[in-house]
Amino acid sequence: GAVVSQHPSWVICKSGTSVKIECRSLDFQATTMFWYRQFPKQSLMLMATSNEGSKATYEQGVEKDKFLINHASLTLSTLTVTSAHPEDSSFYICSAVPLGRDIYEQYFGPGTRLTVT
Amino acid sequence: DAKTTQPTSMDCAEGRAANLPCNHSTISGNEYVYWYRQIHSQGPQYIIHGLKNNETNEMASLIITEDRKSSTLILPHATLRDTAVYYCIADTSNSNSGYALNFGKGTSLLVTP
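These protein sequence lines map, in sequence, to chains Y and W.
Note that this note's numbering numbers the first sequence so that position 2 is 2, with each residue one more than the last.
Heads up: take any position in the second sequence, counting from 1, add 1000, and you land on this note's numbering.
Among the clues, some could well be false.
A few chain W residues that don't get close to chain Y, going by computed Cβ distances all over 12 Å [as the list claims (entries may be wrong)]:
#	residue
1	Gly1015
2	Ala1017
3	Ser1028
4	Gln1042
5	Asn1054
6	Glu1066
7	Ile1089
8	Ser1095
9	Leu1110
10	Pro1113
Derived DSSO-like pairs: lysine-lysine, alpha-carbon spacing no greater than 27 Å straight-line [said to hold, decoys possible]:
#	chain 1	residue 1	chain 2	residue 2
11	Y	Lys41	W	Lys1003
12	Y	Lys41	W	Lys1105
13	Y	Lys66	Y	Lys20
In case anyone wonders, no lab produced these hints; they're calculated from the structure.
Built from N, CA and C at the ideal position, the CB exists for glycine as well.
Start from the sequences and build out the full structure, keeping to the hints where you can.
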């Protein structure tokens, strides 16, 4: 149980275009989902916390107008990287917390590798 | 905010127990200890968490010292698929949302045949 999927698993896009990444909880509902970013050989860094039906909370240094997050249902959150640039190339990972569970008991998706050329 | 210290890397023979230590000497009374692992190029996987009592689940056991300043994650019979970076997390703040899992550098565990 507690499976999280992400789509796409990898994407290559040209500089200046936008990319949408989906995160779905497949067998549970999640009021809260999280988006992380991981650069090569580095640890995960939290980008934003997404709550169903409300605006996301972004971490310091993360531009909310560049990384648009929508959490429209209890099983789906999306991250849109707008006007992507090569420095946005990274591994983007989402996580979700099953309803009623400890907020730090997070179940992660397999990640989306974004390459901006 | 409790910071953690873990060895950079460890080796373990397949079939043996893997004991991964973690120091969290500044942990406060209400902070839990969480363990995650990340296999190369995959998302992290939740393993276990605890406050002060030892915990066990189908994946691992967590032993927390009485003073809560350190803990050990035990994988009782390590397999090659347990090769991963293991993160001990006892710092869950310093975030705008208040819900950050601060992963740190972790321990790279290599299970050998």
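Would Asn1054 of chain W pass as off the interface with chain Y, using Cβ distances and a cut of 12 Å?
Check passes; 17 Å lies beyond 12 Å.
Taking the minimum C-beta separation from Ile1089 of chain W to chain Y, is that value above 12 Å?
violated (8 Å)
Just want to verify: Ser1095 of chain W was marked as not at the interface with chain Y; is every Cβ pair farther apart than 12 Å?
Ser1095 of chain W not clear of chain Y: closest Cβ-Cβ about 6 Å, inside 12 Å.
Minimum Cβ-Cβ distance from Glu1066 of chain W to chain Y exceeds 12 Å
holds (23 Å)
Proposed proximity, Lys1105 of chain W with Lys41 of chain Y (alpha carbon, max 27 Å):
holds (9 Å)
Within a Cα-Cα threshold of 27 Å, do Lys66 of chain Y and Lys20 of chain Y meet the stated pairing?
Holds, at about 12 Å.
Run the C-beta distances from Gln1042 of chain W to all of chain Y and say if the shortest one exceeds 12 Å.
violated (6 Å)
Please confirm whether Gly1015 of chain W is truly not at the interface, meaning its C-beta sits more than 12 Å away from all C-beta atoms of chain Y.
holds (28 Å)
No chain Y beta carbon within 12 Å of Leu1110 of chain W's
Fine: 16 Å to the nearest Cβ keeps Leu1110 of chain W off the interface.
Quick one: work out the minimum CB distance from Ala1017 of chain W to chain Y and report holds if it exceeds 12 Å, violated otherwise.
The claim stands: Ala1017 of chain W keeps its Cβ more than 12 Å from every Cβ of chain Y (closest is about 24 Å).
Beyond 12 Å from every Cβ of chain Y: is that where the Cβ of Pro1113 of chain W lies?
holds (26 Å)
Would the least Cβ to Cβ distance between Ser1028 of chain W and chain Y come out above 12 Å?
Per Cβ check, Ser1028 of chain W is outside 12 Å of chain Y; nearest 15 Å; holds.
In terms of the numbered hints stated before, the structure departs from hints 4, 7, 8, listed from lowest to highest.
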